[in-house]
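Q: Chains as they are written, first to last, in UniProt numbering: chain A, 1 to 240; chain B, 1 to 796.
No lab work stands behind these hints: they were computed from the structure.
One or more of the hints may lead you astray.
Here are the computed lysine-lysine pairs in the PhoX-like style, where the Cα-Cα straight-line distance is at most 25 angstroms [said to hold, decoys possible]:
1) B:175 <-> B:101
2) B:734 <-> B:697
3) B:603 <-> A:10
4) A:18 <-> B:603
5) B:662 <-> B:603
Ranges of calculated distance between the beta carbons of each label pair, as one might list FRET restraints [as the list claims (entries may be wrong)]:
6) A:190 <-> B:577: 27 to 35 angstroms
7) B:575 <-> A:68: 30 to 38 angstroms
8) B:794 <-> A:228: 48 to 56 angstroms
9) A:190 <-> B:518: 18 to 26 angstroms
10) A:199 <-> B:794: 14 to 22 angstroms
11) B:577 <-> A:35: 24 to 32 angstroms
12) A:120 <-> B:577: 34 to 42 angstroms
13) A:141 <-> B:729: 31 to 39 angstroms
All values reported here derive from a predicted model rather than from experimental measurement.
Every residue gets a Cβ at the ideal spot worked out from N, C-alpha and C, and that includes glycine.
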Amino acid sequence: MRCAVLDDDKAQTELVGKLLADAGHHCEVFHQGRTLINRLRQDTFDLLIIDWNMPSMSGIEVLETVRQGQHANLPILMITSRADDEDVVTGLAAGADDYIVKPLNSVIFMARVDAMLRRAQLNRPQKSAATWGAYSFDVPTETVTVHGEAVKLTAKELALAMMLFENMSRPLSRSYLLESIWGQSPEAETRTLDAHVSRIRSKLNLRAENGFRVLPVYSYGYRLEPTNVMGVAEAIEDAA
Amino acid sequence: MNKPDHPVPAQPLEQPTPGSAVREPVEFSFQSRRMLVEWWAVLIAATVAILAISFLSPPVRADNLFYDFVLRLNPPRPSQRILIVAIDNPSLAELGRWPWKRDVHARLMDELREAGAAAVGFDVLVPEAADPAADQALAEAIRRNGRVIVASYIEVPGPNGAPALRVPPVLPVAKAARGIGHVTTRPDRDGVVRGIDMLTDGQGVRDLHLSEGVAALVQGDTARLDAPKPAPEAPVYAPSRNLIPFAGPSGSYAQLSYADVLNGRVPDDLLRDRIVLVGMTAAGMGDRFSTPMSGTLETMAGVELHANYVDSLLADRMIHPVPPWAWLLYSLTPVWMLMMSLLFLGPRINLWLGVGLGIGIFLVTLLGLALFRVWLPPAMAMIAIGLIYPLWGWRRLDLASRYMVAELRELRAEQDVLPRVREPVQGDPVEKQIMLMHEAIRDVRDLRQFIAQSLDSLPDAAVVTDLDGKVLIANDAADELFSRLVPGTLLGQPLAELFRGFDTDPRLPDRRAVELLAAMRARAIPEDGGYETRLADGTSLEIRLAFFTDAQGRPLGWIVRFADITELRASERQREDALRLLTHDMRAPQASILAVLESEGAKVPPELARRLERYAHQTLSLADDFVHLARAESGRFVVETFNLSDALLDAVDDLWPLADAKRIRIVSDVPDDEAMVTGDRALLTRAITNLIGNAIKYSDERTRIQARVRTTATTAICEIEDQGRGIAPDDLGKLFEPFQRLAPPEGAPAASAAPGAGLGLAFVRTVVERHRGRVMVSSVEGQGSTFGIELPLERG
């Protein structure tokens, strides 16, 4: 896969380059947003990894420029030392597909990169049954089997759980979840979503010790993540 | 905004609980109760006074004046049928001195009979026997005539102790007459004859009047003529009285001279079928009376009185005075009506009502006379109405005056806002009142001045509005502020108009402004009555709303303050920028160090790499903790209502890898029911994470941590209980202070102490307290500690 890395910090680009190369990807490093944008006019990449804070043109500006061009669907991962929840939301809202706070944990980083690349290449067909780790979904009966034990869910709970599993590791915004599952229904509000997330977490025991955890992305939405990030790749495979 | 941006629950205005400082609104009801008592007093007093006057000294004179006046207005036409045969001066001259021999009268009777008179009323008293032959002749003539009523008279008192004596005509005449009627006439106290008494003997037997006899005869009412008569010596009563509507002054009825009739000088045609009354009119002879129709000098002969009476009886136009009870009722009713109206209606209406009642009384009396021939004396009612006004007015004034003086004295005695020297109140009562009033008015003026000056001296723009948000007072600062935004004077402008000036973007209605205005319309004050806006020129304004009440705690209006917080906001932004820069600039190099170690780690000794890594992580978490604490202290909260159990589970999951590495089991224990709290979910989750992180840090491997959420009636509590080393009691107090760190495990080197600058618990306390909660800790050394946070439970 061809990846472009944009960061003014050499130590970071070196690390990212090394990690991607180790995973067998081709990696090109940019230190200035302008250069990357110009390059994108002539070249194609499978993944962009952009740092937020850079002189002259910030990562957000690069992100917005790229999204406005013909690369609307290009997977973009933001990397930054800004740790505020507010910044996470800003990045995601500006069009980033995912977001990692420095310092980079190489395992997490690679897991996220893999997840993004796979998601970009796979189109998910509707399935009537799916299995992620210990969780087997049977859509027609609205039943989930966890460690061999059948758990009955409501239609909305099942849809929400499927949505989270199918988008493993990906931050899903509240409005996206509400619209996908509740449609334009008037009773759909933030509280409804929170309550459903809370319920599937307890019904399906989606807890860290069980291999999956529901992670709130504050002021944005939710993300389902395998506890053992090593398992991300398999989880994505399962989703396919 | 600096404050947690809570959703603002609008609370209905509460009346302050009545305390010593707040006076209950009892004065008015007390006052009206007093007024009611006064009203009853005036009503009863007026009624009693009217009754007393009616019995003791009725205003007869005024009534008579009115009566006479009305009677003269439209006198009836005298009947042409009635003829007076007068014993006048020419008759005396022709027939000789009075008394005449009775055979003269006998001839007259024959003359009248022959001429065909319809009836004869003989108003000449013949009580004593004189010349028996003449008496007999008269009796014969009267019998021949057959239509003669002869006069009698009643002596009161009678002889020998009898109450009265009815003296009939001499016996043959009495026997011969068709009827006998008395001619007793009683003038009123002013000497004017207005009516005839209906005399009885007290047993219901009537004493027939001469005129009544004549009328009965003309009408053929034989039953009346032949009715039994009272015994001669029976007492005489006058239970009622008939009033005569006189046809005019003396001379209204046709008169013939006695001598002319006697001597045949009058054609028979003139006498035929006429009602003839024979009586004395000569000067100096017989009774003469004043009547309502007579002027000052003229009088009316008795026979003319009878003519009027007979005429009235035959024409059925006698006037009947109402009985006393009806008169009293007539006098009292307007008074009661007026009193009711004084109690319920306004003064202007009352005045007109009084005038109307006065006119009404006259009209009723007039109509009574004209249509029903009933006499309702009006003077008493008029006097009563005239009496009520001053009486009631005086009582009200007195009441009002006393109330005012009491209030003014009380006001004076109350502690005044402004320092003041009180002069003693001196002088007569009116002077004292004026002085008190003057003082009170001066106080109000001073107070108004004081309010204006106080408002003007405020640094912030402030306006006072009524309950509908219309500006009543604006201080200088407000005038200056709004001179840029709103044209014209502020006074009288609705607040919404002022707020409109703030909308820098008209497409985005300012939610808080709308909320505030809605709250004002609903008469409810928002709990956090604040609202911040930015003007086009960059000025930041904080708008705060408070309501003010009267002394009884009833809301009167709003006080709205506009504070210029531009500088405050600017410095906050600078601080925020600095903080942001700091976190990035501190974090970035550390992240780079770690990145270098990650990619080039093989080039340095592994032990060194591990230490460098640990120091970099330590610096990073220090920076993070510092920023988190700073944000928690002053940052903006993202407020939502969420389940505290979710936050706990998030925190537990977050730290699961850390706990798992130490083989520590975290047991989550959350209730089935939601434990809803309102606040910043990220910050509160981080606070719980800090508590669990600490528990893991200070717990030995393979221990257990209980993470629990439970609720009380009003709060949600999250508790983290570990089986760690516990904390010395001395340390418990300063645990939540910044930069406090627990001693490293015994025997372990200082460097092995858990990383962190001791900001974690300070963060926890800051976050929790800013959510109106509290932190709790209990610990037993060697057995473990329990940290807890308690937050207000969100209802509904």
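Q: Each hint needs a verdict: does it hold in this structure or not?
A: Do the hints match the structure? See the list:
| no. | hint | result |
| --- | --- | --- |
| 1 | B:175 <-> B:101 | 19 angstroms, holds |
| 2 | B:734 <-> B:697 | 19 angstroms, holds |
| 3 | B:603 <-> A:10 | 17 angstroms, holds |
| 4 | A:18 <-> B:603 | 15 angstroms, holds |
| 5 | B:662 <-> B:603 | 30 angstroms, violated |
| 6 | A:190 <-> B:577: 27 to 35 angstroms | 30 angstroms, holds |
| 7 | B:575 <-> A:68: 30 to 38 angstroms | 34 angstroms, holds |
| 8 | B:794 <-> A:228: 48 to 56 angstroms | 36 angstroms, violated |
| 9 | A:190 <-> B:518: 18 to 26 angstroms | 23 angstroms, holds |
| 10 | A:199 <-> B:794: 14 to 22 angstroms | 19 angstroms, holds |
| 11 | B:577 <-> A:35: 24 to 32 angstroms | 28 angstroms, holds |
| 12 | A:120 <-> B:577: 34 to 42 angstroms | 37 angstroms, holds |
| 13 | A:141 <-> B:729: 31 to 39 angstroms | 58 angstroms, violated |
In terms of the numbered hints stated before, the structure departs from hints 5, 8, 13, listed from lowest to highest.
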